[in-house]
Structure formats: C-alpha cells, structure tokens
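Generate coordinates for the entire structure from the input sequences, incorporating the hints supplied.
Protein chains in written order, with numbering that gives the first Met the number 0: chain R, 0 to 221; chain L, 0 to 209.
In short, the hints are calculated from the structure, not lab data. Hints are supplied without guarantee of correctness; some may be wrong.
Here are the simulated DMTMM-like cross-link-like pairs (lysine to aspartate or glutamate), alpha carbons at most 20 Å apart as the crow flies [unchecked claim]: (1) L:Lys184 - L:Glu7; (2) L:Lys91 - L:Asp63; (3) L:Lys96 - L:Asp149; (4) L:Lys96 - L:Asp55; (5) L:Lys184 - R:Asp20; (6) L:Lys69 - L:Glu107; (7) L:Lys182 - R:Asp20; (8) L:Lys96 - L:Asp63; (9) R:Lys149 - L:Asp143; (10) L:Lys120 - L:Asp48; (11) R:Lys149 - L:Asp161; (12) R:Lys194 - L:Glu7; (13) L:Lys91 - L:Asp65; (14) R:Lys102 - R:Asp74; (15) L:Lys96 - L:Asp143.
Every value quoted in this text rests on a predicted model; they were computed, and no experiment measured them.
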Amino acid sequence: MQIPTSLKKPAGTQFYRYVRDLHLYFGLFISPFVLTFAISVFYLNHPSGSVLAPNAKDQPVRTVDNIDVPAEFRDAKPAERVQMAREVMGHLGVTGEVGFIRKLDSPDRFEFQVIKPAQTTMIELDLAARSATVREADTGIPGMLVYLHKSPGPHNAAIRGNWVYTGWWRTAVDGIVYLLLFVSTSGVYLWAVLKSERRLGLALLGAGVVSFVAVVVRLSRL
Amino acid sequence: MRLRTTLESWNRRLHFYLGLYFLLFLWLFAVTGLFLNHPNWEFQQYWTDRQESTMDLPLQPVADSDRTRKAERVTSQLGLRGELEWPNAAVKEGELKFRLVKPGETIEVAADFASGVAHIKQTRVNGWGVANMLHTFAGVRITDPSLQRDWIMTKVWSLAMDAVAGGLVFMVFSSYYMWFRLKAKWSLGVIALGAGCAFWGFFAFGLQWM
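In structure tokens form, the structure reads like this:
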C-alpha cells in the first residue's frame with residue numbers, strides 16, 4: 000500500500016531533526032572538555048605568577064635513601080632513561096607523566112619533573128648517594144585545567160606518553176576535537192535552515208572570516 | 000513570561016551568532032590542537048623544511064640602560080617586527096642578543112654596538128608551521144612570569160584567544176539553558192552530559208588518585 004504524500008515526512012525534515020539532536024547530545028557530551036580548554040586559556044594567556052610555582056601549595060620535602068638506579072642511567076637514551084626514572088618513581092610512590100629529565104651540576108645528579116592534573120613533582124636523584132629528594136606541589140584547579148589543556152603536547156615527543164593515562168588522554172582529546180568539528184559544522188547547517196536568521200548570520204560569518212584573515216595575515220608575514 | 004521569551008530568543012541567537020563569528024578561529028584552534036598532540040604526523044612536518052637566511056645590517060648606537068627598550072629601538076631601527084624574546088645566550092660587553100618571534104618566522108638578532116653591525120638570522124617555516132604557532136602564540140609563558148607582551152599584534156591575537164574562549168564558555172552555558180527548556184530531551188541529555196562529565200572527571204580528578 001502506498002503511503003499518502005501528506006503523511007510522508009520530507010527527508011529534509013528528518014535529516015534536520017537527526018542533525019539537531021546529534022548537535023545537542025554530542026554538544027552536551029563534550030561540554031565539560033570545551034569548558035576545560037576554554038577556561039584554561041585565561042590562565043595560559045594571563046599567567047599571574049605561575050600556576051606551577053608561586054600559587055602552588057608546596058608539600059614538605061622528603062628524602063628517600065637506598066634508591067637503586069642502574070649505572071646505565073647516566074648515558075642512557077631519553078626513552079630508556081625515562082623507563083628507569085619510572086622505576087624510581089615506583090619506589091618513591093610517585094605517579095604521573097615524566098615531563099623532562101635533565102642533568103644537574105655533576106654527572107651523578109639528575110632532576111626530573113613528574114606531572115599530573117593538579118600536581119607537579121620535582122625529583123632530584125643522586126646516583127652516587129643512592130638517594131632521591133622529592134618536592135611535590137599541589138597546583139589546584141588552575142594547574143589541573145592547564146595540565147589537561149597542554150597535555151600531551153608537542154615537546155619532548157620522544158618521551159611523551161610515558162604514562163599510560165597520557166596516551167588515553169591524547170586519544171580522548173582526539174575524539175573530542177572530531178566531535179567539536181561535527182558540532183560546529185552541524186551548527187552552521189542548523190543556522191542555514193533558518194531563513195529569518197540568514198542575513199544577519201551571513202554578515203557575522205563574513206565579519207568573522209574577514210577578522211580572522213586580517214589578523215592572521217598581519218600577524219604572520221607583514 | 001514575555002521576559003523569559005525574550006531571554007530565550009536572545010540566548011538562542013547569541014549562541015549561533017557567536018558560533019558563526021568565531022567559526023574559523025574555533026576550527027583553527029581545534030585542528031592545530033590535534034596537530035600539536037601528534038607532532039610525528041608526516042604531512043604537517045615543517046621544521047625540516049624551514050628556510051634559514053643570514054644577513055648583516057648597519058647599526059647605529061643606542062643608549063638605553065633598559066635592555067627591553069634598547070631591543071625595541073634596535074628592532075625599529077632595523078625595520079623588523081615580532082614579539083620580543085630573550086634566548087639563554089651568553090652576551091659580551093657592548094652586545095645585545097634577542098629574538099623576534101611571530102607565527103611562521105623567527106629572527107635572531109645579535110647587535111654588536113662596538114662594530115656597528117647587527118647580525119641577523121631569519122628562519123621561516125611553511126603554512127603548517129604558521130598554523131601550529133598560531134595556536135600557542137601568546138607572548139607570555141606560564142613558567143616565566145617575567146615575560147610581557149611587547150608587540151601590538153601579539154596583544155591583538157591574545158585578545159582574540161580570550162574572546163574565543165569567552166565565547167565558547169557562553170555557548171556552553173547557553174546550550175545548557177536551551178536544553179533545560181526542552182523537557183522531551185532531558186532523559187537522553189542527562190545521559191549524554193553525565194557520560195561526558197564522568198569521562199572528563201576520570202581525567203581531571205581520577206588521575207590525581209592513580
């Protein structure tokens with residue numbers, strides 16, 4: 000039996016409803032992440048002191064002795080050195096992503112940074128004395144937001160993702176970006192079907208494009 | 000009732016007006032964020048394709064005890080532009096070393112006032128490099144509170160970043176309000192928002208306890 004035309008829903012209407020619902024539900028899902036990235040921009044753009052140091056609440060420094068570190072640590076390649084550092088972290092009860100490792104003033108002394116949301120730890124390792132000094136700093140909500148925004152990031156790519164959860168976060172953020180691109184593109188479609196808003200919307204879209212191009216061109220080459 | 004209708008109408012309009020205006024900015028930050036998290040992606044490699052050039056330019060003496068003002072005067076004298084940075088390079092008496100940065104270009108200046116010559120090294124990268132640098136170009140660093148924005152264009156771009164961020168915050172809260180007014184969408188909306196919060200909460204707070 001053929002369905003009367005009057006009862007058929009135009010394919011466009013159904014498509015519009017699907018897009019509108021997906022825009023809503025995906026938008027709600029990614030909203031905590033969008034807020035994280037947006038709010039952290041204010042801390043990154045206007046660092047007052049530093050979320051990593053002066054505003055951080057330092058925990059008491061502790062020194063742990065009898066730390067066994069392989070002699071190869073001194074001359075190991077970055078990725079191998081990070082693995083050894085992670086074993087030291089295990090003895091010290093410290094968890095997080097190793098941000099960097101650097102030599103101090105003697106060949107037996109190294110310093111490395113361990114970071115995770117709301118906490119930054121600096122570990123000073125003395126291979127000769129077999130001891131480690133641990134300085135933990137609680138960086139609070141601002142530190143948590145900034146860490147999530149910047150992690151994993153492009154720096155020290157050879158060792159980045161040495162904490163399994165950094166890899167998880169990278170994958171999560173990839174997905175959030177793709178969903179954000181869908182939400183923004185679907186938003187343009189949802190606006191475009193509103194005839195009454197087309198003129199002003201086009202003007203604003205055009206103004207945005209002109210602003211963007213003008214600033215980027217002026218900034219990058221002139 | 001009328002106030003609520005007006006409020007809802009304007010809330011909805013501002014949601015998509017802001018979205019339309021900031022669309023390109025949002026796409027830039029989203030896509031370059033993806034690139035910054037995957038520095039090994041082959042197609043966006045830009046550093047290996049960089050173009051470097053050096054030149055020597057005549058330099059007039061500049062008398063100023065403040066190194067930032069001195070660098071700005073040298074920059075103006077040489078007709079250069081960019082955000083001022085200070086590299087950790089050793090400096091001799093009568094010498095001033097600084098760097099000018101803008102998305103796509105880095106200019107290292109070694110001003111030798113004794114000999115009246117400025118040694119310039121210019122490094123330019125391709126479009127991928129420009130895009131990546133736009134994401135992080137703020138003129139300040141969270142780990143170095145002493146850095147200040149010196150170049151007007153850095154301030155303009157920083158303002159743009161703030162505006163995009165503020166716009167996004169507004170758009171999120173305006174979307175919460177629009178959703179709240181749609182009772183038919185509450186059930187699935189609570190699930191979507193709850194799942195997003197749980198997912199986010201694992202990383203934001205759960206990792207602190209790992």
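The hints, checked one at a time:
1. L:Lys184 - L:Glu7: holds, 17 Å
2. L:Lys91 - L:Asp63: Within the cut-off at roughly 16 Å; holds.
3. L:Lys96 - L:Asp149: Given that 20 Å is the threshold and the Cα spacing comes to 16 Å, the pair holds.
4. L:Lys96 - L:Asp55: With Cα atoms ~14 Å apart, lysine 96 (chain L) and aspartate 55 (chain L) stay inside 20 Å; holds.
5. L:Lys184 - R:Asp20: Distance of about 9 Å is within 20 Å: holds.
6. L:Lys69 - L:Glu107: holds, 15 Å
7. L:Lys182 - R:Asp20: holds, 13 Å
8. L:Lys96 - L:Asp63: Between lysine 96 (chain L) and aspartate 63 (chain L) the Cα gap is close to 15 Å, so the pair holds against 20 Å.
9. R:Lys149 - L:Asp143: holds, 16 Å
10. L:Lys120 - L:Asp48: Holds, at roughly 16 Å.
11. R:Lys149 - L:Asp161: Holds. Lysine 149 (chain R) to aspartate 161 (chain L) sits at ~17 Å (cutoff 20 Å).
12. R:Lys194 - L:Glu7: holds, 19 Å
13. L:Lys91 - L:Asp65: holds, 16 Å
14. R:Lys102 - R:Asp74: holds, 11 Å
15. L:Lys96 - L:Asp143: holds, 19 Å
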